[in-house]
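Peer 1: Going line by line, the protein sequences match chains A and B.
With positions in the first sequence counted from 1, the corresponding number in this note's numbering is that position plus 270.
With positions in the second sequence counted from 1, the corresponding number in this note's numbering is that position plus 114.
No lab work stands behind these hints: they were computed from the structure.
No residue lacks a Cβ here, since even glycine has one placed at the ideal position from N, Cα and C.
Treat each hint with caution, since some may be false.
To be verified - Part of the chain A face toward chain B, derived, beta carbon under 7 Å:
id, residue
1, Leu331
2, Phe334
3, Pro336
4, Val363
5, Leu366
6, Lys376
7, Ile414
8, Thr428
9, Thr430
10, Ala432
Claimed, not checked - Okay, the calculated bits of chain B under chain A, using three or more residues with CB under 8 Å as the criterion:
id, region
11, 130 to 144
12, 272 to 286
13, 309 to 323
14, 342 to 352
15, 369 to 379
16, 411 to 422
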Amino acid sequence: MSTEIPQGIREGITEALHSGDEEASDRLTREVLELGCDPVEVVQEVIVPALTDVGLRFQNLQIFLPELMLSAKAAQASTVLLEEEILAQTGSVPTLGTVVLGTVDKDIHDIGKNIVATLMKANGFKVIDVGRNINARVFVDAAIENNADIIGSSSLMTITRAGHKQIIELLKARDMREDYRVIIGGGSADQRYADMIGADGYADNANEAVTVAKQWMEELRKA
Amino acid sequence: MFRNNAFGETIDRAFNGPYIEEQEYDLAMAARIQQLVKEYDIKFDPARPVPSDGEMADRVFQAGVQLFHEIGVYHMDTSRVIKYGMDEIEEGLRLAPANFIAGEGNDAVWVRHRNIEETEPPLNLSGPAGLPVSEATYPQLLFSIAREAYVDAIESGAVATYLGQDIMAGSPTEVLATQRTAAQAREAVRLAGRPGMHIGDAATAITAIGKMAASNPVHGLRPTDARIVSEMVEMKTDHDQLVRVPHLKDYGSLIIHLMTPLTGGIGGGPEGVALMSVAELLLGAITYQADYHYVSITHIIRCNNSDRWGLWVQAMIGQAIARNTHLVATNDPFVVSGPCTPELLYEVAAASAVGTVCGFTMHGVGTTAGFEENHSTGLELAWQGEVAHAVTKSRWTRDDVNEFCLKMLDKYEHTFDDPNRGKPFEEAYDMLTVEPTQEWSDIYHRVRDELFDLGLEFTGKREHWPRRTAPTTE
């Protein structure tokens, strides 16, 4: 039987994530673990709601990109410790699913992709961020290596959007199209293009990407 | 030609400057920007999207110079920071051109630094601003722009396909598509009777190899045209951008520096974005040795700059640059609406008026915030120039434009959450006559009459090149 998370620490971690205080996030997470609280509960009841709220505040521009980045760093400081503990206790870290994320070949615009990564992590996904200007082969290899559920690709420029199609075509060529759900996004992508190239989904913004990914994981669990 | 040996220094520092992780650079800059906003007492007032506070504009400029000096430019391939001394910054600004000839022959225009509330109208170096255009529509769209008398130069749009197939950036299809669209831009200005008209960029290309492939003095882009060297958000460059500079200098071409500072991004709110934009202009002038600048303020969610933040930042940077440098800067209106809607004309009118009184030359328009294919026409691009002429003829001040913008915002601000994207070129224009449809033409005349009643003295009717009437005879 684990100890209930004290209200003061619960509020402290929430505040640390909102203010992007990495040091406080690290310190309070160590405290809560020393008290014997369940690390899974800390993730589910404190980290996820706090970061979800941060994401919504960014979407509504109540906060700006630097605040979002600092919150993500503070959350990272906490989740590293929590995941270590979960691993020690159970031998594995539960996740909602694994997502490989990156911007397509020759596209170096990664702000949108980084926001999606932050919100995916906040919602319990394991994110393999392969970076920007990434060849289709790297997306697919990362998906295989990490036993991913979803591949997410982003493009801003019109003439880089073919990079999404390259990923899908490579999956087909390697006879593994059915192994992964593919979601595309970014300024030069839209639902029509997603349909045209045979992607499984399209998201207009980061929150929508999370919603779609959650829905897919639900479907995959039921399947 | 290079203005001095600073480019060699830039390359050296790109390899040997201080190493820093990219996220640390971003966060250090974000924090420093917020300190500078406080130190320099820069304040945004949503009720006054077009401030006429010269002293604040000067403070924005000083804060921007300090940011550029302290933070430097981030090189994304080497993770090194390229820093410049104050003496180098001052020399870079001194050597940047205050004016130049764009285009050639009878169609050449003299582009120059503009001052605040000038009585001479700005040039309209217009185009679809990188908007995606289908291959089939591209030639007619460019022709519709080039033939407009209120357009002084065109910027080519970007196509997504080559002979129906997706273009892959960095592959031969990018080169082939760029060569073809550059030739089509050349043909569009010739068919419009303006063969020497300046062509700003070959927007289909996004890599250095693609941009360089447009260099062709007969069928493509000439030295009297220009190519873009982009700055990555925020204050970042890489080899692919820098490698264009020696090619364009060697070709004798004009260089456009494209900057897209994000409101709501690393710079935070409008105050921080304004001072950061000054720093970004310095990057263009010093690191890229650019001839002129596309100041393309971009809302981080909606991708427009017709909102209060965007208008304020444009007004503030324009004044800061006009008062403290001799740089040639263009505003770059990005609006949420599309052709065949009155909202598009209201948004463009607001942006044009701001640019005109705040020291900008005109560029843009990015309709539908760049999202919808083919949603661009010659009409709204000419409208941008027409409004600019009217603003100067009316002798409007920044205060007048502020009042005007508040009235325009009332007409389109409420559409931001559900923008009216309008119609694509094929539905807004007759594809054979390359004229606006009756619907689009009626909307234009209605809005023009409405704005005339608001005190905007239009100088002549919209017409094709060559003009049949003098622009000041109405």
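Peer 1: Each hint: holds or not?
Peer 2: Hints versus structure:
no. : hint       : verdict
1   : Leu331     : 5 Å, holds
2   : Phe334     : 5 Å, holds
3   : Pro336     : 4 Å, holds
4   : Val363     : 24 Å, violated
5   : Leu366     : 25 Å, violated
6   : Lys376     : 4 Å, holds
7   : Ile414     : 23 Å, violated
8   : Thr428     : 4 Å, holds
9   : Thr430     : 5 Å, holds
10  : Ala432     : 4 Å, holds
11  : 130 to 144 : holds (count 4)
12  : 272 to 286 : holds (count 8)
13  : 309 to 323 : holds (count 4)
14  : 342 to 352 : holds (count 3)
15  : 369 to 379 : holds (count 3)
16  : 411 to 422 : holds (count 3)
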